[in-house]
Each structure stands twice: as C-alpha cells, then as structure tokens.
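Residue numbers (this note's numbering), protein chains in the order written: chain G, 19 to 356; chain A, 19 to 356; chain Y, -3 to 408; chain P, -3 to 408.
Everything labelled a hint here was simulated from the structure, so no lab data went into it. There may be inaccurate statements among the hints.
To be verified - Distance windows between CB atoms, simulated:
1) Arg57(A) to Glu392(P): 21 to 27 Å
2) His222(A) to Ala355(G): 47 to 53 Å
3) Ala355(G) to Ala355(A): 18 to 24 Å
4) Arg27(Y) to His203(A): 53 to 59 Å
5) Ala383(P) to Ala355(G): 24 to 30 Å
6) Lys169(Y) to Ala383(P): 55 to 61 Å
7) Ala40(G) to Trp395(Y): 57 to 63 Å
Beta carbons: idealized from backbone N, C-alpha and C, even for Gly.
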Amino acid sequence: MPRMTMVEAIRSALDGAMERDARVVVFGEDVGYFGGVFRVTDGLQKKYGASRCFDTPISETGIVGVAIGMAAYGLRPVAEIQFADYMYPGYDQLVSEAARLRYRSAGDFTAPMVVRMPCGGGIFGGQTHSQSPEALFTHVCGLKTVIPSNPHDAKGLLLAAIEDEDPVIFLEPKRIYNGPFNGHHDRPSVPWAQHPRSETPEGHYTVPLGHAAVARAGEAVTVLAYGTMVHVAEAAAEETGVDAEILDLRTLVPLDIAAIEASVRKTGRCVVLHEATRTSGFGAELAAQVQERLFYHLEAPVLRVTGWDTPYPHAHEWDYFPGPARVGRALRDVMEAA
Amino acid sequence: MPRMTMVEAIRSALDGAMERDARVVVFGEDVGYFGGVFRVTDGLQKKYGASRCFDTPISETGIVGVAIGMAAYGLRPVAEIQFADYMYPGYDQLVSEAARLRYRSAGDFTAPMVVRMPCGGGIFGGQTHSQSPEALFTHVCGLKTVIPSNPHDAKGLLLAAIEDEDPVIFLEPKRIYNGPFNGHHDRPSVPWAQHPRSETPEGHYTVPLGHAAVARAGEAVTVLAYGTMVHVAEAAAEETGVDAEILDLRTLVPLDIAAIEASVRKTGRCVVLHEATRTSGFGAELAAQVQERLFYHLEAPVLRVTGWDTPYPHAHEWDYFPGPARVGRALRDVMEAA
Amino acid sequence: MTEPRALSLHVPTPPARPGGRPDFSHVGIPRAGEARRPPVDVGAHEIHDLAYSVIRVLNRDGEAVGPWAPELDGEALKQGLRAMMRTRAFDARMMLAQRAGKTSFYMQCLGEEAIACAFQTALRPGDMNFPTYRQPGLLIAQDHPLVEMMDEIFSNARDPLRGRQMPVLYSVKKAGFFSVSGNLGTQYVQAVGWAMASAISGDTKVAAGWIGEGSTAESDFHAALVFASVFRPPVVLNVVNNQYAISSFQGVAGGENATFAARAHGYGIPSLRVDGNDYLAVHAAACWAVERARRNLGSTLIEFVTYRAGPHSSSDDPSRYRPKQESEAWPLGDPIERLKRHLVVLGAWSEERHAQAQAEIEEEVLAAQREAERHGTLQNGPHAPAASMFEDVFQEMPWHLREQRAQMEENR
Amino acid sequence: MTEPRALSLHVPTPPARPGGRPDFSHVGIPRAGEARRPPVDVGAHEIHDLAYSVIRVLNRDGEAVGPWAPELDGEALKQGLRAMMRTRAFDARMMLAQRAGKTSFYMQCLGEEAIACAFQTALRPGDMNFPTYRQPGLLIAQDHPLVEMMDEIFSNARDPLRGRQMPVLYSVKKAGFFSVSGNLGTQYVQAVGWAMASAISGDTKVAAGWIGEGSTAESDFHAALVFASVFRPPVVLNVVNNQYAISSFQGVAGGENATFAARAHGYGIPSLRVDGNDYLAVHAAACWAVERARRNLGSTLIEFVTYRAGPHSSSDDPSRYRPKQESEAWPLGDPIERLKRHLVVLGAWSEERHAQAQAEIEEEVLAAQREAERHGTLQNGPHAPAASMFEDVFQEMPWHLREQRAQMEENR
Ligand SMILES: Cc1ncc(C[n+]2csc(CCOP(=O)(O)OP(=O)(O)O)c2C)c(N)n1
Ligand SMILES: Cc1ncc(C[n+]2csc(CCOP(=O)(O)OP(=O)(O)O)c2C)c(N)n1
Ligand SMILES: [Mg+2]
Ligand SMILES: [Mg+2]
C-alpha cells in the first residue's frame, strides 16, 4: 500500500472525490493554479478545470457563504480557509447559516459541505497561524467537527466528510502535514513514511465519522487526544512508562462516547489533551462528560493538559506547546493521585 | 434607595458614566434617537448629543471595529449589539483584535471597551433572538465576560466594565430586563420592584469584576449559575426543599474560583446551570474545574442542566428552557447520588 | 499649513422627526418614461447614470410610458393586482392575529407589495429566490397556499417548519423560496453561491438575492458583490430601499452620499434604480436583469425605491421616530392604487370590480385563517411534537441528542 | 423567451503564467502630468474620472510635470530617496537574515517603497497609521531606529513586543504606527474608528488606513467604507494595489471589472488613483487627502498602483505562478530609480553620490544588524523571559494565568 504524507493523503481524498462525483468543487484563497499555500490542492485545477477548483477573493465570509449556496443548490463544496486563525470572518456564515439550515427549514434545504482548515502551532507562526479553534465549532449544534492525526485517517475521514449530508469542519494539524511530531522540536524530524498509519490506499474508502481509534492500548490511564497531541501522548507514555490507553478521538462532534466510557471504566483514570487554550476548550467538555458518566469509576480527577490561556507567542512557542514533558507530568500525577 | 428595572439600571450606569467621563461614547443599531429596541439608551442622545450617542449602520463588524479604533485613540466606547445572536459578524474583530491588542503590542495599544448584548431566551424570539453565546467569549483569552442577574449588579458591573482597562463582553439576559423570571412562564410576571436587588443607588458605584455573589446560602449542594438561571435556581431550591447554596457567578472570566472552591468544599456536591447549548458550554469548564480541584471533596458527579444541543425553537421554547423542573430534578439527583 | 481647526463628527439626521413636516425632497424623482433602456449586454460603465435616476413606467395619469413599458396583457396585469391585494389582505389579517395573541410576532410588507409580486413573474420554475422577511409576495404571486403560510406563522401542528422558526421566516424550496434567515444579509452571498453552482453545473437556472437598504452595510453584501463581480454568476441582486431600517432612516446606511444602486459601480456590476411602487417598472427591470443572468452576462444589482408604510414589525411603533403623516407624503404613491388606476385607464378594471375583488380576497384570507387556526395557534397549540425539536439538527440524530430528547421527555 | 443555453462560470485568469510573456496592457497608463487636480473640497461625484486615470508626476525624462507636482525642495527629495534606499537595504538584509535562520519569516516591500515613505511625509506628529505588513517605510521615513525594528524581527531580548509577534508586525505608538495585525483587513475599520474618535473629541488628528488590493475583498473593507461614508471622519483610506495577493493576480479581487479606486464611488467617497512608484505623485495625493481630512471634509480613498517585485514572503516562490521576467516588464518602473533620476535632472544628485549613499546605507543597516544580533536572535536567543508570555493578556494578571505561569515554570 502506498505511503503518503498528510498533505498527499488529503489531496488524494480530494482527487478521488472529484473524480467520482462531479458535484465536488474545491476552492479557497490560492488553492487554484497555485495549489494552496500548503500544496494540498496541487494539480486539481489542471485535472478538473478551473470551474471545479479555483482561487477565491480574500473573503472568508464569501468563501463560506458561497459554499452554503452551492451546497443548497446540490453541489458538494469543499472550501479551504487558509489558516484556521482566519475562519472568524466566516464564523457567522458557519454558525448562523450552515449549521442551522437543515433545522430551520425542517430539511427543506441542507448544506452538505466541508470546510477544511490547517490548525495548530509548532511552525513559528505566532498567534495568527497557530490557533486551534475546535471548541468554537463543538459548541455549535449542527456542525460536525473532525480532526485527523495521520494520513490514513485524514483521507478516510475527509471522504466521509465530503459524503456526509451535514456541514463538517475538517481541521488539519499543520505541524504533522509532512511528518508525525511528538513535541520534541529539538530532535530530527521524522518522515511519515516511517509511520504505520501513513499506509494509505490509493482508492476510495472512508473512516466513518463519530468513531475514535485506540492509538495505544493500555491499562493504567485513558488519554483523550486528537490531532498532533496523539503523537505527543504516545511519546509521553513511552517516556514515562505509564501504561496509557490513548484514544485518538478523530471526530469531536459527534463524540465516540462509548469508546471513552469503555476505556475509562477499565483504567479509572483520565487525562485530556489539546493544544487550544484551556478555558472553555474542548477538554472541558471531555472532562465534564467523563466525570458525569464515570464518577464512580474514577480514582483521580480528570486532568487537562492544554495550551495556556494566552495567544500563541512567536518566540516562546515551545514553552506554550503542551509537549511530552507536560503530558508526562500529568500522567504521573494522575497515577500517583489518591 | 430607588428601585430600578434592569433596563433602568443599565441606562443609569450609562448615563452616569457619560456624565462623569467625556470619553464614554455609546452607539449601535437604533440606539441613538430611538433609544434602542429595548429602550436601554433612551434619552442619552438628547442629553449628551449625537456625537456621543448615535445610530450606526447595520454592521456588527463595523460596530466592533470602530469601537476598537476609538478605544485605541483613548475613548471609552460602549457598543451595543442588538441581540447577542448578531454578534457573529463582529466576532473576528472581538477575537482577533480587541482581545489581542494589548498582548500583541505589549501594552503599546489597548482596547478598553464594552460590548453590550441582550442574550437568552424566553421571549419567543426563536433561534435568532435567544442565544447565549458566553462560551464563545470565555474561550478567548483577552476578553472578560460579565453577566448580571439583577438591577443592582447590572449597574455596578457595567460601571466596573466601562472603567476596566480591557475589553469586556457584557451580556444582558433580556428575559429579566423588566422583571425577575424563575422559569414559571405560566405564572403572572413579577416586577423588579418586588425584588430586593432592584434597589439601585442613583449615584456612582461599582461591583468589581471577578467576584461571585451568594444568591442563597445553603449547605447541601452548590449551584453555579448566572443571569436568568440564578432565579430559576432559587425557585428550584425552594420547590424541592434542597438546601442549595446558589452562587451567582456574575463574571465568567476571570472566574471567582475561590468562592466556588469554598462552597463546594462545604457542600461536597455541585450542579451547574446555563441556558446555552450544552456541548462545550461554559458549564463544561465549570464542571471540569470543580472536579479537577475538588475531586476528593465531591460526593457526587457535577451535573449540568443546560439548554439542549439544538437551536432555540420558537414554539417549543418552554421545553427548551432549563426551567425549575429540570433544575429541581438535578438537585434531587445529586442529593440522592451515592 | 496653518493650525488646523477642531474636527467634528457628522451624524446623519433625517429631514423630519415626530411632529415635524414630512420631507422627501431628497428623493429626486424623474418623470415616468424618462429613463433610457439599454440592451442587456451593455457594459456596467455605460449605465452609471441609471443608478442616479429612477426607472418609472406608470405616470400620474395611470398610463404606461417610455422604453421600459413591458408587454403585459390585461390578464397578467390583473393577476399582478390580485397578488398585491392578496398580499396586503394577508398582512392585515396576520397583524390582527398577532395582536389577538395567536402568534408571537409579525412583519408585514405594507406599501412594498409590487416589488416581490412583480419580480416573481420574471422568474421560471427552478430559479431560486433568497428572500428577506419582507417578500411574502414571492410566494403569494405564485398562489402558494395561504393556509400553509399561516400554519408557519401560528407554529401549529401543520407548520412545515415544525414550530422552529419565528413567523414569516418561510422556507419553500419547491416554490424557489429559500429558507429566510433571522440574521440580516447572510443569504445575499448564498444567492451568489447558488448561482455559481448553477453556472458550474452548466445549468440554466438563475438566483435572486434580496436585502434591505439598511442591511447593505453588512459584510455579506460586500462579499456577495465581490464574488458576483469576479465569477459573473447568473444572479440578480435586489436592494429594497424602503427608507427605513427599524428606526434608522436610509442616511444611516450611507444614503446621504450615494444611491444604493451606485454601490455596484465599484465592482463593475451593472445596476438599475427602479420605482418600487410601480408594478410595471419592477417587472420590466426584473426581466432585463433575469435575461442578462440567463444569457450568462452575469449579475445585476437593482435598487427598488419604496417606502415602508407600516411599522418595522408588530413590536415597533414608528410614531416614536418619524412623522405620523410621512407615509402619505411619500411621492411614489401606493403600488396597488397605481396599478388599479392603470387597469381602469386601460378599460380592463373598474371601482366596482375592485371592490368585489377586495371582498372576495378578504373572504379567502379569512377562510384560510379559520382553517389554519383549526390546525392550531402558537398560544393554544397543537404544535409539532416537542420531541421533534431534536430532529434535523443533523440528518441522523447522534447519541447525545437522543439522550437529551429522553431527558426532555422525562421532565415534561 | 427561447430555451436558454447552458451557463458557465467565469474564472479570472492572469494574462501570463510561468513561461508566458509578461503582459501589462490592461494597466492603462496615462502620461505624467495629465490628470487634473481638483480642489480638496470637491464633491465625490465630480472626480469619478480620477478613479480610472493614474495621477503621475514624474515623466520618463525624470521631470516633475503637471498640476500634482508638489513643492518639495531638494533636501526633502533627497530625504525621500534616502528613506526608500534604507527601506530597500533593510529588506534585503532581513531576507538574508531569515535565510540564515536568524528568524522564522520575513516580508519585504520591494518595489513599493515610495508609497509608505512618501505618504508619511504628509502626516503630522499625533496622526495614526493603521498599516499592513508592507509599510515599514512609514517608520523608516521617520528615522525610527532600525535596531528596534530588527529586535522585533529577531524576537530577541530587546524586542519591544517581547517575542510575541511574528517578524514585521511592529507596533510603535509614538511614531503613529498602529500594531500590525496578522489578520488581513481588520485594521482598516479601526482606522475609521480612530478618526471618528478624533472628530468626537474635537481633536485635529488624522488617521490613515492601509490595505492590499487582495484584502479589499474582506468584510472590514466594506465596514470601513460604510462608516467613513456615514460619519465622514478624518481618515485616508489607502489601497496598495501591487497586482498580487500571494499567488492570486488582482483579477481575483475584482480588478478585471473596475479599479480599486472606483470602489469608493458607491459610498460617495472621493477617490484618487495614483502611480505608486512615483514618490512625487504619492506625496501630492497624500497631502491632498490629508488636507481634506484635516479640514473636516471627510475621508478619501487612494489606490496606489504598484507591483510586488519580490515574493509574497520568505515562504513564497513566485516563479510558480508568474513569469520570471514580469517584474522588469512592469510599466511604472522602479520608485528609487525614478526619484534618483529626477534628482539627477534637477542637478541635486549624481551617480557617484548615489553609489556613496548606497554604501553608507548598507553599512548602517549592517551595523544595526550586528547590534540587534547582540541582543539576540530567534534561533539562539536570548528572548524575553518565557514567563512574560502570561503578561499583557489583561492589564492585571488573573489567578488562572498566574497558576498557568507557575505550571509552565515547573515544567521548563
Ligand atoms: C445580523 C443582524 N443584525 C441586526 C439584526 C436586527 N434587525 C432586524 S431587522 C433590522 C433592520 C433591517 O433594515 P433593512 O435592511 O432596511 O430591512 P427592512 O426591515 O427595512 O426591510 C435590524 C437591525 C438582525 N436581524 N441581524
Ligand atoms: C483574514 C486573513 N485571511 C487570509 C490571510 C492569509 N494571507 C496573508 S497575506 C495574503 C495576501 C494578501 O494580499 P494583499 O491584500 O494584496 O496584500 P499584499 O500581500 O499584496 O501586500 C493572504 C491571503 C490572512 N493573513 N488573514
Ligand atoms: Mg429598509
Ligand atoms: Mg496585493
């Protein structure tokens, strides 16, 4: 099976979707001729023509707004927001329109569309190229929120998202576009080719939305992670020797609560990870759910390891990023608790 | 001491602030000559002139954007968003600009400004006149988020917010503008005059940001609530006979964690309330914090009573609203829990 | 440079406030028939003058004059009159029903009936409107069942939107009527996207966006014009300038400095400015713009000049912010009166037939209301089952909504 | 109507791609001196033609001609030349420093130096620019210390922004230079708000907003123009049309259909279109617009026509999307060359003096770099203390940030 990077896997998903289904159209800032600032859409305009893959004006409001209109018409738009940090101007269209259309029209109109956006830090992008705004989507009923951690899942989840009948926010952790990253920024970078989950079928397959994966089986503590943090969790487990069970959530809404419950029931402990700022981050929802449902199974409080409640600072990126040291510390803390 | 409604108390705060400080300017859609769709700014244009209280074009982006420019200049803008449901077009300016300005310029520029917005349901406003988007602000570092539950606090908190050096989101639960409301929509409405916290000094005072109030002292369970839900909690405590200690949080960021800890340490149980949708609502943050800090004091899981994860439906408003029955049920559940 | 003087802020003020004398002298109104009619493939730059004029067909004597006078036969005109009369009667009834507590809220389009009713006649089945709350005429002109509209207004058991939306925020896909949003402006750029989709698909369908003059300040208006300019999709972008946005006169939206039709100039989009109270002018301009769209010539912006004769909504009291008699002073008259007069002049109509038609329509509307009330009202129900509120958030209901539905049922 | 034909989407394509022949025939360029110069209190509608022309002063022979030729003495012109040369030298050095790994990223303004450098000379102390990342010239023209700018670029221990911002996103309040945002367009409407505040306060200060032609598509551009139109505050709204937005040519922003200067017409805001590579034309237009603002006549929009001669940023490779020789084909030439030529023609400058100045400037910039490197680089530090990242989120640090700071320190 071919090995792909995240970028290649996502491109392969788009390519396959456009090939199979003439309704799929791809657009965003610089995605047409140039193929996107991260090269994700490279070659698609050439292959499918400019009216199926094109550059848009720099208006996130417009990008999301026209996508909704196209989806209501019957196309399957896949829009790119160049960085997740730039989705805010399009937020109203997502929240008030895409998320609400099926509901308010009682199914008369729908908005099956995907909004892709690179997220997360680790590339010295400072506060406007590093954000992880997933909680701003998970709070919005009517949106599904997906975030892959590896090429295989990225392709399968993106195909599932494109085929989904509802609007899907597809977050792409840019730090792992070209290789997995466990937070050890001072070590040589590793290519995807060395990672088992870079094996990505050329053809069509889906990874269904709403299902977590066990990234590492373990008995001692459940780690709930997604995106880049899955790799950090793996490093922390290895380095601390804590026998963590790492769940890669993959879809945040709808959440795979069954997988979470099964794991925490087994381990009795839970650590929640994300790169986003802490307060009201998605980790709060996870912690709240776990203690609500599994209080009597818990032997320690659910701990959160997250980005700080500050903007992502340019020079202090690695003091901001919740790397293996901070995750490891939480694993030990939760093991030592009570 | 005079008794005021919420509307009168907020107007009194604006009036006093404009009187004391020529830098205070008030604007928004229909707030000038007309005095606002909820009459909050009535009379201010006449008293202070059209260049200190005026109507704006219908552009929430513009309203927030010009407020930031004015604040950076040295004024103290108090902008109104006609309904919290309409803040999304201005969200980018709030998140990427107002919240970040002090940080990114290392204090060279700041944005001391207040954005007022009526929130919450209970007036048959349907999905676009009923939302409670507080969690979308609490996740954003650099913003303070305030929500009063009575006239006295509304005035004092608003004056504190206007005097604050940072941007403050000031949410006004519109269902209690003209009288307290405990969720019994089928009973006759009560005027503020009968409520002790309608006693509101004419003159200047502040209720400092970051401090919760004990709305009802109790021993059995801590209820964390804000806005309209404080009144619902009071009704539920009375109706169930559960000796709840009800904290009116008043400020969500920065949170009064000391007050929460002290209460939950005492009661060992906690119920969290809000009208906003459940998933990733601010209740998740509260539940996560309480179990993180007070796990060994808790005798039951922290329960959440919230709006459902659906848009606010027009006809089914009272099945959506987390009224005294649902809150009472949670109080009993948490008391019965092991 | 000499020492500069203190600056001051310009805050627009309307010509008249309550107690004052209505003044519409700023609305320059050319004579009917005066505006030229360019070919549909004209360049945007060649018709800038039309954004500063007003296309009018019906003159004071009720005659249709000038190059924009459309070829509509008496039957079509009578249908137009009937659509406007039904719209007005429907509105009047529903305002009363709201006051009687049968629903929470109502918004009428009093005085603006010609715009939606005439525009709809320029479209074909399959085309799509993206309306605001003030275009029920798009439905009524198609004889969409009034009862179904009332069912929505009453949020009753037959409400197609299952009680979820506030009154008048209809959604009727089969009638080319997109789900109305409570958020202003958002649908304008969606109309552009829908039209882009039609072009991408090699289809022949046309979209129409609708927005109020006040809402042109919103971001989506700009996004719509930018995308329409760049991709030239088949869309007609309508701006209904009814002089008011709740309490704010059109100057607060920028109307002191340029017309709303002129907004299109900066994008290279052709635009027309049209007498919105003139059924024939609206029809003619709509046909012109729809033909442009259909012939792949791209978008057109049309400003319809009209007057919101009623309150903004059932919650509003315009006497607080504008002179009571302002409506009577509105120089473009009443759209129903004007078309009626034209028909009378043509010899196709009379006072008697009008009175009779009026009585029939009122009867029809009342009968519809009676039927709708049998399906329920907001106050007394029945409504869609409460549990249905958890449906349609997603196509398939996920576990957390099923769980919440169960909790809701437990606590009823 | 006959059966309509299948529609198709118009997708703008630039005149040339890599390997193709550069073509700027679409940029109609009038002769220097041709554009008329209206009085500053002219009505917006009277100067629509200026949005379709190009105000130019320096002709091919290096002479300053026509009504816009400003009264700048030789000293002022030499200062302008020096500012542009220093800006270019600074950029060149910093591009190298970035490649040498001393910082993460860099953005230069190669070819666009005249715009910011000349504009700044029209302002007074106390006025406020709201720049994008491509106006370092506003600072350099004021002789703002280069070392301080480099400290920011290197995120070193002396970085006034304490390592928080990406390179070139300066903030220098005392130099009237607003904190640059990484989000496009946002500052445009803030400039309008700042100017409104000046007017509300009865002050005499003027604001200047800056935006790229690509970013005019953003919502904030529209919001800025709407508020500027309605409240007429003292603000100059600059659009820098450098033909590109990363890989997208200006047609993707709507430039095929109208000029960016013309965007102002729909709002009734006067606008000028100016040769951005002509120091004298920029200065003259800036003075005209600033005078309008200062005299309470409201806002002006200026489109500066220029060409982004370098890559978008240090992360970009323009040879992937445009012909390599396109820059040389740019018909408005190079701003430094043109002003130099003028000075030579005036007899105030020579090749020798130019070469000497160039050498001095390079030396100055190198010395500044050495000093800044002594303060640290991104790669090797030192930086502001890590704990400082918790400061300035709020004026006073709340408990949760103090707690997080402690956790951060524990895990270092
Ligand atoms: C985004 C948003 N902001 C504000 C409102 C509140 N609002 C509802 S109608 C209205 C006035 C709209 O005026 P206009 O666009 O002229 O339309 P008209 O009512 O005159 O038809 C306002 C401000 C809203 N619904 N949505
Ligand atoms: C809101 C937002 N969307 C997208 C981006 C990514 N981005 C950075 S620069 C740029 C191009 C801007 O082009 P233009 O406005 O013409 O300015 P120029 O770079 O040519 O000076 C883009 C798309 C951004 N920074 N902010
Ligand atoms: Mg209006
Ligand atoms: Mg550009």
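Now for the hints, and whether the structure bears them out:
For Arg57(A) and Glu392(P), the hinted distance range of 21 to 27 Å is not satisfied, since their beta carbons lie about 35 Å from each other. Range check, His222(A) to Ala355(G): Cβ separation about 48 Å, and the 47 to 53 Å hint holds. Taking the beta carbon of each, Ala355(G) and Ala355(A) are about 21 Å apart, inside 18 to 24 Å as hinted. Between Arg27(Y) and His203(A) the CB atoms are about 57 Å apart, so this pair conforms to the stated range of 53 to 59 Å.
Distance hint check: the CB atoms of Ala383(P) and Ala355(G) are about 27 Å apart, consistent with the given range 24 to 30 Å. Checking the proposed 55 to 61 Å range against Lys169(Y) and Ala383(P) shows it holds: the Cβ atoms sit about 58 Å from each other. For Ala40(G) and Trp395(Y), the hinted distance range of 57 to 63 Å is not satisfied, since their beta carbons lie about 34 Å from each other.
Checked against the numbered hints above, the structure violates hints 1, 7; every other hint is satisfied.
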